[in-house]
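Peer 1: If you're matching them up, the sequences are chains A and B in order. Start counting the first sequence at 117; every next residue gets the next number (my numbering). Start counting the second sequence at 93; every next residue gets the next number (my numbering).
A few of these clues could be false.
[What the hints assert, rightly or not] Simulated pairs of lysine-lysine, DSS-like, Cα-Cα distance not exceeding 25 Å: (1) B:Lys102 x A:Lys321; (2) B:Lys137 x B:Lys179; (3) A:Lys119 x A:Lys304; (4) B:Lys99 x A:Lys321; (5) A:Lys338 x B:Lys102; (6) A:Lys304 x A:Lys338; (7) B:Lys102 x A:Lys273.
[Claimed, not checked] Partner residues aside, some chain B positions facing chain A, computed with beta carbon under 8 Å: (8) Trp101; (9) Ile106; (10) Ile110; (11) Ala173.
[What the hints assert, rightly or not] From chain A, some residues computed to sit far from chain B (all C-beta separations above 12 Å): (12) Lys164; (13) Ser177; (14) Asp397.
By construction, these hints were calculated from the structure, which means they are not laboratory data. Treat the numbers as computed from the prediction; the structure is a model and nothing was measured. Using N, Cα and C, we set each Cβ at its ideal position, and we do this for glycine too.
Next come the chains, spelled out residue by residue.
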Amino acid sequence: MGKPVAMTGNIAVANAMRQINPDVCAAYPITPSTEIMQQFASFVADGKVDTELVTVESEHSAMSACIGASAAGGRVMTATSANGLALMWEMLYIASGNRLPIVMMVVNRALSAPINIHGDHSDGMGARDSGWIQFYSEDGQEAYDNLIQAMIIGQNKDVRLPVMVGMDGFIISHSIENLEMLSDQQAKDFIGEYIPFYPLLNIKKPVTYGPLDLQDYYSEHKRQQTEGMRAAKPVILKTAQDFAALSGRKYGFFEPYRLEDAEIGILTLGSSAGTTRYVVDLMRDRGIKAGMVKLRVFRPFPMEELQEALGHLKALAVMDRCDSFGAAGGPVFSEVRSSLYDQPNRPKVVNYIYGLGGRDLGISHIEQVIGDLQKIKETGKVEELITYLTVRE
Amino acid sequence: MSIKSLKGWKEIPIGGLIPEAGNSAQYETGGWRTYRPVVDRDACKNCLFCWIYCPDSAVMVEDEKIKGIDLRYCKGCGICAQECPAKAIQMIEEAKL
Chain A
117 MGKPVAMTGN IAVANAMRQI NPDVCAAYPI TPSTEIMQQF ASFVADGKVD TELVTVESEH
177 SAMSACIGAS AAGGRVMTAT SANGLALMWE MLYIASGNRL PIVMMVVNRA LSAPINIHGD
237 HSDGMGARDS GWIQFYSEDG QEAYDNLIQA MIIGQNKDVR LPVMVGMDGF IISHSIENLE
297 MLSDQQAKDF IGEYIPFYPL LNIKKPVTYG PLDLQDYYSE HKRQQTEGMR AAKPVILKTA
357 QDFAALSGRK YGFFEPYRLE DAEIGILTLG SSAGTTRYVV DLMRDRGIKA GMVKLRVFRP
417 FPMEELQEAL GHLKALAVMD RCDSFGAAGG PVFSEVRSSL YDQPNRPKVV NYIYGLGGRD
477 LGISHIEQVI GDLQKIKETG KVEELITYLT VRE
Chain B
93 MSIKSLKGWK EIPIGGLIPE AGNSAQYETG GWRTYRPVVD RDACKNCLFC WIYCPDSAVM
153 VEDEKIKGID LRYCKGCGIC AQECPAKAIQ MIEEAKL
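Chain A with its partners taken away, still in its complex shape (with noise of 0.2 Å):
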């Protein structure tokens, strides 16, 4: 067990990077994650780290370099924000294509327009397709512990996949709160040596990355970013477990929460399942079966395992930070009521929208959706599939 220290979940971050010690890590300061690069910024000028820190001029630029130190044989990272991350759009699907194990910090914010700096989760759930392996995290210990095992399960040989690890902008990333990190050493012995896959630096063995491939083999290699999804789950939880014994942390792809005996849940991810896991033991106290589910992993997305912990709900209750104009509901809603089609018992799945831009998520607020749950419970009847919280009239 580390020392209990407090610091803003960006600080937090940003030492995770300095155990990790990325070969190299570009980067273009946006809001929320700013604090984040000027930290380690710090770090590389005081040689606290090896790191080649490259300053761009662009988030395109960003990850473009992050791409090419990446096939280059390095271990890369990089941060960044919302619309930072939505300029990166086409070079997230060329590192995943690339099967590159670039780790990027998303401080999760609004997009524009309008023009608005505060957490949501857009920018992430923008890029739920990109073939990036997504965690989302509750708070700063989170953040760390998330972002210490994306760098191993990128690497691991069967997937080969760039992951993504959010925190909500400002509620976490610049909250100070107590949290415990590993030592320098047990982190570095944990993430262990990087071993390059291919690296296009070693010129006794040349390579090509990124051809020209058409009708006749794209579909398969697309076929094997699919299976390096697949591969990942294990990964994920082998990773955990190992990381456990070190911190005595646990995770898995979700953390259910009062959840066996429960009869209504709520689905969450983020921050908010801080809030949700306190109204929880509030409804507890008044002898409502309630019960949280908080999503770490959205991809690979873990349907069978929600299947199992959710099947036996009367009533379901999913949380988007994000909305998704014109689909079938919120990212995650559609993904999680999707899951459960085919339970024999399938609960009645309401989704929320809330939070958007920053927008306070209150105890007042879950308790409403407690109360709808209870409706539903009862009459078996869903009044509105779709509500917007938080939201004026």
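Chain B: place on chain A using the hints.
Peer 2: Relative to the frame of chain A, chain B by itself:
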């Protein structure tokens, strides 16, 4: 190249990576061709302009004479026919051959 002769996703390097150099000869681009260059032997002076201009090195030469067109690689671009000073190469639609 028939689709059946191509490898499955488990048999190929991930990410489209090409793990060796100098292998473009394995990529037969002849399947792209719509028009085939047909050489009129009587008109041909063996000046080798076609051999010089061909972007795919698909003109086969033996003893400084044109031996034929390697249809595994010829994309049918027609540069040889355009450049031939003797007008000895005609581009004929594959379907008509």
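Peer 1: Honestly, which of those hints from before does the structure not fit?
Peer 2: 6 and 11
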